[in-house]
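Using the hints, put the two standalone chains together into the complex.
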Amino acid sequence: METVLGRYRNLIVLVGVLFVQVLGLAIQVKRTTDTDSSRLIRVWAVGAVSPLEKTLVWAQTSTGNLWHNYFYLRGVRAENRELKRQIEEMRVEHVRISQDAEQARRLQSLLAFKEQFISKTLAAQVIGSSGSEQSRSIYLDKGEKDGVKPDMAVITADGVVGKVLHVYRSTSLVLLVSDQTSGVGAILEKSRLQGILRGLPSGEIALEKVMSDEEVPAGELVLSSGGDRIFPKGLPIGRVVRVRPGSDLFLNIQVKPTANLSKLEEVLIVTKVDERQATPEQSGPVRAADVLAERLPTVPTKPAEAVGSAATGAAPQPGVPSTTVSAQPKPAQPKPKAPALAGDASATPTVRRPITSAPSSFTSTAQPGDAGTEAAKVPQKPVKPATEPEPQPPVQDPPQ
Amino acid sequence: MALTYTSGEQVEVYRFGIPATILIPLGAVFLQAFLPLRLPFFSIFDLPLLVTISFAMARRSQVAGIFTGALIGLFQDALTGQPIGLYGIAKTVVGFGASSLGIKLDVENAGARLLLTLGFYGVHEVVYFTIARGMIGMHREWTWQHEIGSAVANALLGVLLYALLDRLKQRT
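These protein sequence lines map, in sequence, to chains H and X.
The first sequence begins at 1 in our numbering and counts up by one.
The second sequence begins at 1001 in our numbering and counts up by one.
Among the hints, erroneous ones may be present.
[Claimed, not checked] For the chain H half of the interface with chain X, some residues (derived, Cβ under 10 Å), not all of them: (1) Leu11; (2) Leu18; (3) Ala26; (4) Val43; (5) Ala45; (6) Glu53; (7) Leu107; (8) Leu110; (9) Leu111; (10) Gly199; (11) Leu200; (12) Met211; (13) Gln254; (14) Thr258; (15) Val273.
[To be verified] Incomplete in silico selection of chain X near chain H, CB under 7 Å: (16) Val1063; (17) Leu1071; (18) Phe1075; (19) Ala1078; (20) Ile1084; (21) Gly1088; (22) Ile1089; (23) Glu1141; (24) Gln1145.
Just so you know, these hints were derived from the structure itself, not from any lab.
Every residue, glycine too, gets a C-beta built ideally from N, C-alpha and C.
Chain X extracted, bound-state conformation (with noise of 0.2 Å):
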């Protein structure tokens, strides 16, 4: 078994297969564009957020999940209507903070998983907003109900699709 030593601690680094690496986060974009069609509730998900916690999580590698953020979330700039950079430098910060707490914290159970997704969900939208309304000057209003309900959604669909892209990861 390869183990990384980080930290006086010994943790599981895996990675994932190149077409995994470029089908997962292309899949997510599309589905994310593509369902809200045909199931409109989907929307108050973020699978390429999903994506990009799982990603970064399992590959502990703080350079790699700023990567992996970053161009998850330009691509998913690029299909909206809005300047393109938003998404970008939010799943930036998460990207770079999931891998963090993987290095140090056991992410292989449900529950860890679960609160660390409505965790990086908040820092997601609180990046978002912030830089929307602070620096572009965009017309976007905060609403408590909308973002917590979202966030749990989030964290639940979360769990879920970390468990099915676990299948898919290799151990270096």
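Next comes chain H alone, as it looks inside the complex (with noise of 0.2 Å):
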């Protein structure tokens, strides 16, 4: 018996060493929770590693900023001037957009649609990666003690990164869109049709589950659909790069993923979605003309206007356009005194408005039957534009 024993030793080793691994594989997969020892195993293996991690992240990322921010400035004046020039574009942009997602609000309040929004999100900055292939996903440097919670979506400005996995004291696991063991609801933007995303082994994404009889063109945004309930709706996801007919019912569609997975070095956690109904906002909405006016010369208003307005009640509203103030019937005012002084604190301010050339079916926020709004009772007239001069009288001859 001695004999056997030793001369198959190495052997008996060998398979006790596998029978536990695998018995232990089997526990994990029977239960869907973390076994208190995996969940050890796996502290003690981020604990040895994710220090000098983020030592070597900390000492990269200061190196970096200081020769950054402090010593290679080639070309910032002429970045800053460019970014300027991009804001002001982006701005009117902002607003023309902004007025149709006013519209969609309006239109979905009407049927009592429930939308979500990201309210809170959390900065985080990615420390290491799981290393393998065959598991993408990276390790950030927030964790639970930050209240970061599982299952919570990870994002940058250019779209959804993957959702926390596992959750340790400073630090937490995140799978990647692109692990072949992800799953993300998705919509196509334009075509609106749905499917899951899932990971493929070259490491990028494919949308499954969209029948073969559809048409889905190269270039089409994917978002998220909302329906997996952790990333909200409308999150960019990827692209359309390759649409071929799959094996069986539905299309092979190849995604290229918006956010650079390979290249991650800050996201953000989501850490709170809300939903709630969806209203049209209450102030009203600024126009591309507004913007555009204000960097136009302004002129001062007359001061018998603005006594004017004081006088009807129609407290002036935040975000409302100056152009209501015209908009009220002018009552019997008083004649333009001189200006007074400076440090006069009777003295009317004096109020500078952007010249604008507002249509008349936006003279007022104020709606028919609001209470306690001057402006609403009265009736409504066009709104001449402000750079039109007004109709002066004749002017007489003094009697000789």
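Okay, structure coming up:
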């Protein structure tokens, strides 16, 4: 017996070690959540590796910041000018889009839609990865003590990154959307076809469960559908790269992630998603013309108008363009007085307003039936463009 | 020169110092987790596997190979999101195989090392995929092109790494 054990000692050890590991795997598969022992192994392993990763990332970031923020400033002025120009363009674009959004919100409120929005995020730095192509995941420098919980969505400005899988004291493991075990509910932007995004071995992602009789153009944007209850609806995930007929009833749609998943440095963890009834904004929208007008020379408002609006009791509302003031019928107004001296408390403040050409449909945000707003009771009339000269009474010659 | 007598052949048996035994596998797992962030192509390599093969071949002890593979694999598993044991089992098998071959073959020349690493990479992947798909039911796709490319890349890196690790091993 001893001879047999001695001869096959190595094989017995091999079988024993393999058996223990297979048993451990079986237990983990049986239980959906981490068992205490596997959790402990993970905590030890992460605890051994993450401090060094954090230190290296910190050193690298500090060195990079020192170089880029204090020494290497070549072309910063030109870049600054270019960025300012882009901001101006984007402000005008933003106004146009927000008008569309406001219209959509009004329609949604009519249909009693509920909308999801990201109300709180937490910025985190990527400190490590799983280091395996079979498990595409990254480690973040934020964990339990920062309020991170499993199944929270992780995003960047470019799009969806993944979801939090395991949370440790000061780090967390994020499963990327490109992992073969991940699944994200997705919808195509224009065709509104829904499917499930899964990772491929190559690191790209594929949209599954889209019927082969549908037409999906390359380049179409893929958004989160919100159906998985992890990612809020409407976040960009990727763009369709290639569409091929699949072996079964479904199309084989290859998608390239919009976020660069192989070079992530900083991400946002969505810590809170709120759901609310869609309601149109209470404050009036700002028009593109208003934004453009802000950059034009302004003229002071006639003091009489200001006094007149105060007399009607229509308090200026935030966000309401000053054109509402001129929409009020002019009551009997005193003649404009001489400009008050500076420092005079009773002086009427000079209101500087943008010169706009307001259409008649945008004279006031007050709705008919609004109580307490004098403007609601006053019939509105088209506003004349402020740039147009008001008709002046004919000048009569003094009697001789 | 200390020699061991095995199956009628005399082969040299090496060992690694305690710091090297602990720090080299730790460093391999750490680099495997850290470098792909900066160099995305690095994820095709499997440094822990190369260290397992190197340790097992140098020590030429099957029991030592089994435990080296199991511990390195479990440590690597713990850093991934997948169940713990997948890499553990695959590397246990590789550790046993590498130490068994180390007893019987001359594993000191670069050509033999290249071929052995190619073979053991294949064994590692086959065991991994078999367990992941057959036992765990994980969704894993096997692509020949990718696997062959990775095997060649790992074998080439392995030859360089073994030469480096040769400097740290001590004769028993």
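The hints, checked one at a time:
no.: 1; hint: Leu11; result: holds, 8 Å
no.: 2; hint: Leu18; result: holds, 6 Å
no.: 3; hint: Ala26; result: holds, 8 Å
no.: 4; hint: Val43; result: holds, 9 Å
no.: 5; hint: Ala45; result: holds, 3 Å
no.: 6; hint: Glu53; result: holds, 6 Å
no.: 7; hint: Leu107; result: violated, 40 Å
no.: 8; hint: Leu110; result: violated, 43 Å
no.: 9; hint: Leu111; result: violated, 38 Å
no.: 10; hint: Gly199; result: holds, 9 Å
no.: 11; hint: Leu200; result: holds, 7 Å
no.: 12; hint: Met211; result: violated, 21 Å
no.: 13; hint: Gln254; result: violated, 13 Å
no.: 14; hint: Thr258; result: violated, 17 Å
no.: 15; hint: Val273; result: violated, 22 Å
no.: 16; hint: Val1063; result: holds, 5 Å
no.: 17; hint: Leu1071; result: violated, 10 Å
no.: 18; hint: Phe1075; result: holds, 6 Å
no.: 19; hint: Ala1078; result: holds, 3 Å
no.: 20; hint: Ile1084; result: holds, 5 Å
no.: 21; hint: Gly1088; result: holds, 5 Å
no.: 22; hint: Ile1089; result: holds, 5 Å
no.: 23; hint: Glu1141; result: holds, 5 Å
no.: 24; hint: Gln1145; result: violated, 10 Å
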